[in-house]
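In case you want the letters, here they are:
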Amino acid sequence: MADNGSKSTATESPHGVTRLDDENMLAMYRQMILCRTLDERIWMLNRQGKAAIVASAQGHEAAQIGSAWALRKGTDQFYIYYRDLATLLVLGMTPAEIMAGFLAKEGEPLSGARQFPTHGAYPEYGIINLSNVVATHVPQAVGAALAARMQGEDAVVITNFGDGASSMGEVHEAMNFASVHKLPVIFFCENNKYAISVPLAKQMAVESVASRAQGYGMPGFEVDGCDIVAVFEATSEAANRARRGEGPTLIEASVERYLPHTSDDDDTRYRPSEEIEEARKRDPVKILADQLRQIGALSEDLDQEIHQEARQIVDEATDEVDSAPYPGTEEFFKHVYAP
Amino acid sequence: MQRDERVFILGEDVGARGGVFLATDGFLEEFGEERVIDTPLAEASIAAVAIGAAIHGMRPIAEIEFADFIWPTINQIVGEAAKVRYGTNGQLHVPMVLRAPQGGGVRGALYHSQSVEAFFAHTPGLKVVNPATPYDAKGLLKSAIRDEDPVIFLEHKRTYRLVRGEVPDEEYTIPLSSADVKLEGEDLSVITYGLMVHHCLEAAQTLADEGVSVEVVDLRTLRPLDSETILESVRKTGKALIVHEDSKAGGIGGEVASIIGEEAFEYLDGPVTRLAGPEVPAMPFSPAMEAMYMLDADKIADAMRKLAAY
Chain A
1 MADNGSKSTA TESPHGVTRL DDENMLAMYR QMILCRTLDE RIWMLNRQGK
51 AAIVASAQGH EAAQIGSAWA LRKGTDQFYI YYRDLATLLV LGMTPAEIMA
101 GFLAKEGEPL SGARQFPTHG AYPEYGIINL SNVVATHVPQ AVGAALAARM
151 QGEDAVVITN FGDGASSMGE VHEAMNFASV HKLPVIFFCE NNKYAISVPL
201 AKQMAVESVA SRAQGYGMPG FEVDGCDIVA VFEATSEAAN RARRGEGPTL
251 IEASVERYLP HTSDDDDTRY RPSEEIEEAR KRDPVKILAD QLRQIGALSE
301 DLDQEIHQEA RQIVDEATDE VDSAPYPGTE EFFKHVYAP
Chain B
1 MQRDERVFIL GEDVGARGGV FLATDGFLEE FGEERVIDTP LAEASIAAVA
51 IGAAIHGMRP IAEIEFADFI WPTINQIVGE AAKVRYGTNG QLHVPMVLRA
101 PQGGGVRGAL YHSQSVEAFF AHTPGLKVVN PATPYDAKGL LKSAIRDEDP
151 VIFLEHKRTY RLVRGEVPDE EYTIPLSSAD VKLEGEDLSV ITYGLMVHHC
201 LEAAQTLADE GVSVEVVDLR TLRPLDSETI LESVRKTGKA LIVHEDSKAG
251 GIGGEVASII GEEAFEYLDG PVTRLAGPEV PAMPFSPAME AMYMLDADKI
301 ADAMRKLAAY
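Going down the list, the protein sequences come from chains A and B. Residue 1 is where the first sequence starts when you use our numbering, and the numbers rise one by one after that. Residue 1 is where the second sequence starts when you use our numbering, and the numbers rise one by one after that.
Okay, chain B solo, but in the shape it has when bound (with noise of 0.2 Å):
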C-alpha cells in the first residue's frame, strides 16, 4: 500500500478494529479511512464493490472476516470476476484480492470453521492460494495484489498463532503457481498445502527416526497447481500421499491425484492415496468431535507408514 496507491482494503472490522484477527492493524492509522473501509455487513457487495473498482484501475484486497461467510460472494465471485476477462474479450480484467482466514481446529464450529478453497479452485479465470508459512504469506500476497487477475487468499486462522517465522522487512515476492518443496525425501512424496504443511512436517521427522525419508511438497497456489513440482517430486520417491484438512470428496487432492494418474503412472510403486477431511458437512464443537475432524501429525503418520510399506 505504500509502493502503489491504487491499493486499498475493504472489510468489515478492518479500520479501527485492525480486522478480527489483526491482520490490518495499524492501517487505518497509516493510510486512512479513504484506503482502509469499513464496510456494512454485507459479503456480496464487498466483492461486487471490489470488482467494480478493480475494473476501473484500482487494486482491492477485500477480506472476508471468515471463509465461513464467503458464500454470499459466489455469485460475484465465480459468476462474475471469474469471467469478465474472457467476456469482454480481453478488454476489462479484475486485478483483486479477496482475503478471508479459514480452517478449524480452533474451537469454531460449523461456520468458523469451513475450508473453502475447492469451490473457487474449480473456476478457470480465478487463481486461489493458501500459504503455510509467514516468510510465503508476505511473498505470495504481494505477488496476489500484483497480479492482473482476481486471487482468493484463503490463510488459516491457526497458522496464525501456531507458526512463527522470520519475515524479512525487505521486499520480495514468491511467484503465484510455484509449489515449494519443504522437506526433500526419497521414499515417500506428501502434497499438502496451508496449516497440514506443518502437521506433515512433524510426522515426516517421526517418520525419519523409524528410518523412512519423506518429501514434503506445498502447493502454496492451488490453482493454477504447479504440476511440474508435483510430477517431479513423485517421479523420484514412487509414492504419492495428499494431505488437505477440506473434506475428500470433490477436493484439492483428487486433482492432484489425477495429474499424477495421468502423467506419472509408470513412476508409481504404491497408489496415489488421499488423506483427508471427513465427509460430515462441517466441524463439531465440542473437543473430541472437533479432533476426530482435525488430521494431526499422527494421523498423518499412520498414513505415511502404510504407504511406505509398499
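The following block holds chain A by itself, in its conformation from the complex (with noise of 0.2 Å):
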C-alpha cells in the first residue's frame, strides 16, 4: 500500500491511489453526492430541531475528498476538525453514523454521544477530532507524526483546519516544530474566508496562509479548493515529500462556505448574499461533474442515478438514526480514568 512515490494503477483501496483514473474521479463524484445530500439533510433535521447544531461542509467537499483520496486509510492519521464531513465518509464512516452523531443517539461510534457532532475518534480508520477549540489538534498531530517516526512506521498525518486556526499561536508552533523535526505532516488549511463572521483582511495582513510556509523552511501551495483534481495532486505531492523523509508540507486550499458559520449563526448579519451567489459559481459539485462529463464519464442517467442512490442511502439513516433511542447515562461516569 506504501508507494514512496513510485507510480502505480493500483485502485484497490478507494484511496491512496496515486493516480486518478475514471472509476477513481466518479468513486469521488459519489461521495461528494453523498456528503452534499447528507449535509442538507443534517440542516434541515436541524431547522425540524432533531439536530441541535450542524457545521455544513457545503462548498469544502472537493478539499476533503481530493485530500483524503491521496492518502492511506487504516496507515495515515487525520487530525480534523468539526467542518470536515466528508472527509468521515470517505475514510469509511457512514451516513448513519454520522448522523447518530448529529442527533446524539445510542451507539454513535466517535464518543458516545458524549461530543458535538463529528467529533470523537474513530480509531481504525484514523479519525481523530478531539477538540471545539480551534487549532488545538495541529500540534497534537506533530506528535502523532513523531511517535509514527519513532516506531518506524511510514503514516503522514494530515492536519486540517480552517483561516481563522491559522491565527492561533498553536498552529506557529506546529509548523516550526514539524519542520524543524522533519516529520510527516500535512498541514491542510481549508481558507473559506470566513472565520464565523470575521473576514479574511481582518484575519491576516498576508496575501495567503500558504505563503507563511517558507518562514518554517516548509513548501507551501495555494491550490484551487474546488478542484478535486488540484487537492488530490498536491496532498498527492506533499505526501510523497513526508514519505520521504523530507518534512512537513502546508497546503492551501481555496473553498467556498455556502452557509453560515454553524446553524446557530446567522450570516445576513456580516456577509452581502450576492457574495454567497458569486461563490456557488465555483461550486465543487458542478466543477467536478463538469469535469467528469468532459471525460465522457458521466451520463444524465448516471448522474440523476447517483444523486437518487445518495437521497435513498441518507433516506434510510435518517429513519434508522430518527428512530434510535438516545443513550442512557449508565456510563455517565465511565471512562474518566483507566479502570
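What the hints contain is simulated information worked out from the structure, not anything from laboratory work. Heads up, some of the hints might be wrong.
Here are the computed lysine to any residue pairs in the SDA-like style, where the Cα-Cα straight-line distance is at most 25 Å [as the list claims (entries may be wrong)]: (1) K138/B x A118/B; (2) K334/A x D147/B; (3) K182/A x G32/B; (4) K334/A x P124/B.
Since we're looking at a predicted model, the values are computed, not measured.
Using the hints, put the two chains back together into the complex; each one sits in its own frame.
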C-alpha cells in the first residue's frame, strides 16, 4: 500500500491511489453527492429541532475528499476539525454513523454521543477530531507524526484547519516543531475566507496562509480547493515528500462557505447575499460534474442514478437514526480514568 | 527508559544541558537524540506533541523547565489531555507525564517560584503528583510513566538540593493516590506535601520536645486524593492542620478540609486549620519579602501549638 512516490495504477482501495483514473473520479463524485445530500438533510433536521448544532461542509467537499483520497485509510492519521464531514465519509464512516452524532443517539461511534457531532475518534480509520477548541489538534498531529517515525512506520499525518485557526499561536508552534524535526505532516488549511463573521482581511495582513510556509522552511502551496484534482495532486505530492523523510508541507485550499458558520449563526448580519451567489458559481459539485462530463464518464442518467442512490442512503440513515433511542446515563461516569 | 522503549523525553534543554536542574543528565549519551528531544522554546507544543505521541502508543515525558512557564500548556493539558478518554468514549487515552520543577524559597522571584498544583488538581481526568523525598520521587515517577492517564509530576526545586535520601538501585514503584504517614503521632494530624513535608517534620520535632505528639501525613498525590489515609489519621488525633506553600484560597487545603469536614466531623476536637501561602500574586525577590512569603518550621510550629491548645 505504501508507494514512496512510485507510480502505480493500484486502485484496490478507494484512496491511497497515486493516479486518478476515471473510476476514481467517479467514485469521488459519488462521495461528494452523498456528502452534499447528507449535509442538506442534517441542516433540515436542525431546522426541525432534531439536530442541535450543525456546521455545514457545503463548499468544502472537494478539498476534503481530494485530500483524503491521496492518503491511506488505516495507516495515515487524520487530525481534522468540525467542518470535515466529507473526510469522515471518505474514510469509511456510514451516513447513519455520522447522523447518530448529529442526533446524539445511542451507538454513536466517535464519542458515544458525548461530544458535538463529528467529534471524538474512529481509530480504525485514523479519524481523530478531539476538540472544539480551534487549532489545539494541529500540534497534536505533530506528536502523532513523531510517534509514527519513532515506531518506524511510514504513516503520514494530515491536519485540517480553517483560516481562523491559522491565527492561533499553536499553529505556529506546530509548524515550527514539525519543520525542525522534518516530520511527516501535511498542514491542510481549508480557507473559506470567514472565521464565523470575521473576514480574511481582518484575520491576516498577508496574501495567503501558504505564504507563511517559507518562514518555517517548508514548502507551501495554494490550490483551488473547489477543484478536486488539484487538491488530490497537491496532497499526493505532500504525502510523498513526507514519506521520503523530507518533512512537512503546508497546503492552502481556497474553498467556499455557502451556509452560515453553524446552524446557530446568522450570516445575513455580515455577508452580502450576492457574495454567496458568486461563490456558488464555483461549487465543487458542479466543477467535478463538468470534469466528468468532459471525459465522458458522467451521463445524465448516471448522474440521476447517483443522486437517487444518495437520497436513498440518506433517507434510510435518517429513518434508522431518528427512531433510535438516546443513550442512557449508565456510562456517565465511565472513561474519566483508566479502569 | 531502559525498560520500555516507548518512553522518551522532550523539553527545553533536556539534551546536552541535561535539564536546568540536571534531571536528565547523561540521558542524551545513553538514549540518543531520538529519545531525548531538545524542543523549540514553545511550551504549548511541548505538551501537545506529547499528547499526540501518547495517543499513538508512546510514553512521553514532557518537561516544562519551570512550572512558572506551564501556563501555555493549560489549553492542551486541562482542555485536551484531561478529556481525551472521556471525549472518545474510552477509545483513546493519553499516557503522558508532564514534569515541572516548582515552588519557591530559592530567590526565584515572581516567575521562578510559583506553585501550580491547584490549577491541575481541579480537573477530572488528570492526576497530580508532588513527591517530597528522593525515594518517593523514584517510585512515584515510575508509576506516573506507567499510568494510562496524563500525570502532572511536580517537583519542588528546593528539595533538589535541600533533601538527601537513600534511593535503592533496584526496581520499585509507589502507587499513585497513596498518601504516606511520614511520622506517627497521637495529638494532632498535619496534612501536607512537597517541600513542606520536611518543614512539618522539623516542626513536629519541636512540638515533640514540648510534649505534643504530631502525625505528619504526606499526600504525595494531590489528585486523586487518598481520602482514607487522611481520614484515618484525623479520626485518630481529632485535629487537622493542613500546610501548603501554595496560596490558600482555592488551594489543595480547601479540598482536604472539606473531606475532613464531610467525613470526620464527629471526630473533630478543634477547627480544621489551613496554613498556606499568602494572598499575593507571587513570591517577591528580595530576601525579607521572600521569607515573609515562605512557610518554615517556626511558622508551622506556631500553627501546631495553636491547634494543639484546643
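To see whether the hints hold, each was checked on the structure:
With a CA separation close to 23 Å, the supplied pair K138/B and A118/B stays within the 25 Å bound. For the proposed pair K334/A and D147/B, the alpha carbon gap of about 17 Å is at most 25 Å, so the pair holds. Among the hinted pairs, K182/A with G32/B is consistent with the structure: their alpha-carbon atoms are about 17 Å apart, no more than 25 Å. Distance restraint check for K334/A and P124/B: the Cα-Cα separation of roughly 12 Å lies within the 25 Å cut-off, and the hinted pair is therefore satisfied.
Hint check: no violations occur; every hint is consistent with the structure.
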